[in-house]
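The hints should help you fit chain B onto chain A, whose structure is shown.
For the record, the sequence lines run as chains A and B.
Counting from 1, position 71 in the first sequence corresponds to residue 71 in my numbering; the numbering is continuous, with no gaps.
Counting from 1, position 25 in the second sequence corresponds to residue 25 in my numbering; the numbering is continuous, with no gaps.
Do not rely on the hints blindly, as some may be mistaken.
As the list claims (entries may be wrong) - Coverage of chain A stretches by chain B, computed from C-beta distances (three or more under 8 Å per stretch; other residues unrestricted):
1. 65–71
2. 91–101
3. 104–113
To be verified - A few chain B positions that, by computed beta-carbon distances, are all more than 10 Å from chain A:
4. ASN55
5. SER73
6. THR95
7. SER105
8. ARG108
These are computed hints drawn from the structure, not numbers from a lab.
The beta carbon of each residue, even a glycine, is placed where N, CA and C say it ideally should be.
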Amino acid sequence: AQTVTQSQPEMSVQEAETVTLSCTYDTSENNYYLFWYKQPPSRQMILVIRQEAYKQQNATENRFSVNFQKAAKSFSLKISDSQLGDTAMYFCAFMKRYGNQFYFGTGTSLTVIP
Amino acid sequence: ETGVTQSPTHLIKTRGQQVTLRCSSQSGHNTVSWYQQALGQGPQFIFQYYREEENGRGNFPPRFSGLQFPNYSSELNVNALELDDSALYLCASSTDRDYGYTFGSGTRLTVV
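In isolation and in its complexed conformation, chain A is listed as follows:
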């Protein structure tokens, strides 16, 4: 079974500053994907960034980057130059390669303070 743990229920950051959200996971799989999703009050899950486990290079998408530590089963999200629109719930998720379901963590509520 796969589990995803987000140990920070709530976080806040000043606008323009940098914040890091933590995620750990447990799996016996070797081939899988990891994701960070953003869920604003509109409720739609929006993909922030995706990492393939077989790639050693950390994924980056503009202001968003990850620190993927496969041996430690850790997958943190760094948001640089935080903006008010980044305020949302952030979910870490796992999917086996060729799998049919996401395994989500319990989420981190991020508030960007003006």
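Below, chain B alone, put in the same frame as chain A:
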């Protein structure tokens, strides 16, 4: 492409009733998954449909059932509603079970 549309956005039902939630996927998205998101929790996988056949199910009882139609729409049916079924129900679709899923904005179901 018009994204993933779910209806209704909100719904209130009485315990013991039945409910049908609908999802309209993007053209070409032959894979649809349904998730239940209880308040303060991450989404939990209910089941997936691929080319109109069930392709995996999470830890949900048989009173949760689904259908997928050739026009890329799908339904989630829940019978004998219980108070604990109150949640946000999300659908997500993709092409050929790849991991590029698009989520809808969900249906908020309240059971009283």
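Hints, verified against the model:
| no. | hint | result |
| --- | --- | --- |
| 1 | 65–71 | violated (count 0) |
| 2 | 91–101 | holds (count 6) |
| 3 | 104–113 | holds (count 4) |
| 4 | ASN55 | violated (6 Å) |
| 5 | SER73 | holds (18 Å) |
| 6 | THR95 | holds (14 Å) |
| 7 | SER105 | violated (4 Å) |
| 8 | ARG108 | violated (8 Å) |
Consistency with the previously given hints fails for numbers 1, 4, 7 and 8, ordered from lowest to highest.
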